[in-house]
Structure formats: structure tokens, C-alpha cells
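Undergrad: Sequence:
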Amino acid sequence: MPDYDFVFVLELSSNHQYDKMLTGLVAGLLGSVGFDGTAIAGVAGDVCRAFGDDGRKGGRCELRFRVVGAVLKVSITQEGVAGWEMTRPLPDGS
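Be aware that the sequence shown starts at 1, since it is given in my numbering, and climbs by one per residue.
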């Protein structure tokens, strides 16, 4: 699979009810690169926890999904908040 880099710049409200929006975004993107429902739910859960646990209180935020070789890399950056990242192997057959 060729490398991909998907960047979403989000303007977050101060309301921490991002889970539904983030889960939909993650599901759409990861489903297109071959992740199954269980793997998508795991990544979406990690991303939602990162938004809830890392002190993100609104404002501009960058959510990046990179496919490099056989690995998915997800990162979140936001000014004034520690960066967050995770990696997951791509599903077989991707």
C-alpha cells in the first residue's frame, strides 16, 4: 500500500462531547484502508481518550493519520497541550 497522510484541522469548542464526531471520522478513514470494526473501535477509543484526557479545552487542533509501510500512525497536536501519538499495524491484506 502506498504511504498516505491525512490531516484534519479541527476547531474544537470547549464542550468535551467530541466522541461521536471523532468516532465517525476514524471509522470512515480506517474503514477505507481495511481496518475491521473491532480495530476501528480500538483506535477510535484511544483517540477519544486522548481528546478527553490530555487537557484539550477547545481551540485549533491537528489530527493526523499517516500510513507508512505497514503501520498506521495517529497524532494530535495542539498549541499549549502535550502532543499525543500512537501506532498500529495495518490489517493483513491492506
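Please keep in mind that the hints were generated in silico from the structure rather than gathered at the bench. Mixed in with the good hints, there may be bad ones.
Simulated restraints, written as ranges between beta carbons of each label pair [to be verified]: (1) Gly34 - Val9: 40 to 50 Å; (2) Gly69 - Asp36: 11 to 21 Å; (3) Asp36 - Gly80: 17 to 27 Å; (4) Gly80 - Thr38: 13 to 23 Å; (5) Arg66 - Glu11: 14 to 24 Å; (6) Ser14 - Val71: 30 to 40 Å; (7) Ser14 - Pro91: 33 to 43 Å; (8) Asp92 - Gly58: 31 to 41 Å; (9) Asp36 - Phe6: 31 to 41 Å; (10) Ser14 - Asp92: 36 to 46 Å; (11) Gly59 - Thr38: 13 to 23 Å; (12) Ala41 - Arg64: 17 to 27 Å; (13) Glu11 - Met86: 15 to 25 Å; (14) Ala70 - Ser13: 17 to 27 Å.
Listed below are the simulated SDA-like cross-link pairs for lysine to any residue, each with C-alpha atoms no more than 25 Å apart in a straight line [stated by the list, open to error]: (15) Lys20 - Gly83; (16) Lys20 - Trp84; (17) Lys20 - Gly37; (18) Lys20 - Gly69; (19) Lys73 - Asp36; (20) Lys20 - Arg60; (21) Lys73 - Asp5; (22) Lys73 - Tyr18; (23) Lys73 - Asp46; (24) Lys73 - Thr23; (25) Lys20 - Ala41; (26) Lys20 - Ser32.
Positions of the beta carbon are idealized from the N, C-alpha and C atoms, including for glycine.
Undergrad: State for each hint whether it applies.
TA: Here is what the structure says about each hint:
As the Cβ distance of glycine 34 to valine 9 is approximately 25 Å, the hint placing it in 40 to 50 Å is violated. With their beta carbons about 20 Å apart, glycine 69 and aspartate 36 fall inside the hinted range of 11 to 21 Å. Between aspartate 36 and glycine 80 the CB atoms are about 36 Å apart, so this pair departs from the stated range of 17 to 27 Å. For the pair glycine 80 and threonine 38, the supplied restraint of 13 to 23 Å is violated, since their beta-carbon distance comes to about 34 Å.
Taken as a hint, the range 14 to 24 Å holds for the pair arginine 66 and glutamate 11, whose Cβ atoms sit roughly 22 Å apart. The beta-carbon spacing between serine 14 and valine 71, approximately 34 Å, falls within the hinted interval of 30 to 40 Å. Distance hint for serine 14 and proline 91: a CB-CB separation of about 36 Å, consistent with the stated range 33 to 43 Å. Distance hint check for aspartate 92 and glycine 58: the Cβ-Cβ separation is about 39 Å, which falls inside the suggested range of 31 to 41 Å.
With their beta carbons about 19 Å apart, aspartate 36 and phenylalanine 6 fall outside the hinted range of 31 to 41 Å. Under the hint 36 to 46 Å, the C-beta atoms of serine 14 and aspartate 92, about 41 Å apart, fit the expected range. For the hinted restraint 13 to 23 Å between glycine 59 and threonine 38, the CB-CB distance of approximately 32 Å leaves it violated. At about 20 Å, the beta-carbon gap between alanine 41 and arginine 64 stays in the expected band of 17 to 27 Å.
Take glutamate 11 and methionine 86: their Cβ atoms lie about 23 Å apart, and the range 15 to 25 Å holds. With their beta carbons about 36 Å apart, alanine 70 and serine 13 fall outside the hinted range of 17 to 27 Å. With a C-alpha separation of about 22 Å, the suggested pair lysine 20 and glycine 83 falls inside the 25 Å cut-off, and the hint holds. A distance of roughly 20 Å separates the Cα atoms of lysine 20 and tryptophan 84; the hinted pair therefore holds under the 25 Å criterion.
Between lysine 20 and glycine 37 the CA atoms are separated by roughly 15 Å; this keeps the pair inside 25 Å, and the hint holds. With a C-alpha separation of about 29 Å, the suggested pairing of lysine 20 with glycine 69 is violated against the 25 Å cut-off. About 17 Å separates the Cα atoms of lysine 73 and aspartate 36, which keeps this hinted pair within 25 Å; it holds. In summary, the hint linking lysine 20 to arginine 60 is supported, as the alpha carbons are separated by about 18 Å, within the 25 Å threshold.
Simply put, lysine 73 and aspartate 5 have alpha-carbon atoms about 9 Å apart, close enough for the 25 Å limit, and the pair holds. For the hint linking lysine 73 to tyrosine 18, the alpha-carbon distance of about 20 Å falls within 25 Å, and the restraint holds. A threshold of 25 Å between alpha carbons decides the hint, and for lysine 73 with aspartate 46 the separation of about 12 Å falls inside it, so the pair holds. Proposed proximity of lysine 73 and threonine 23 is supported: the alpha carbons are some 16 Å apart, at most 25 Å.
Between lysine 20 and alanine 41, the direct Cα distance comes to roughly 12 Å. Compliance with the 25 Å bound is thereby established for this hinted pair. Between the alpha carbons of lysine 20 and serine 32 the distance comes to roughly 18 Å, so the proposed pair stays at or under 25 Å and holds.
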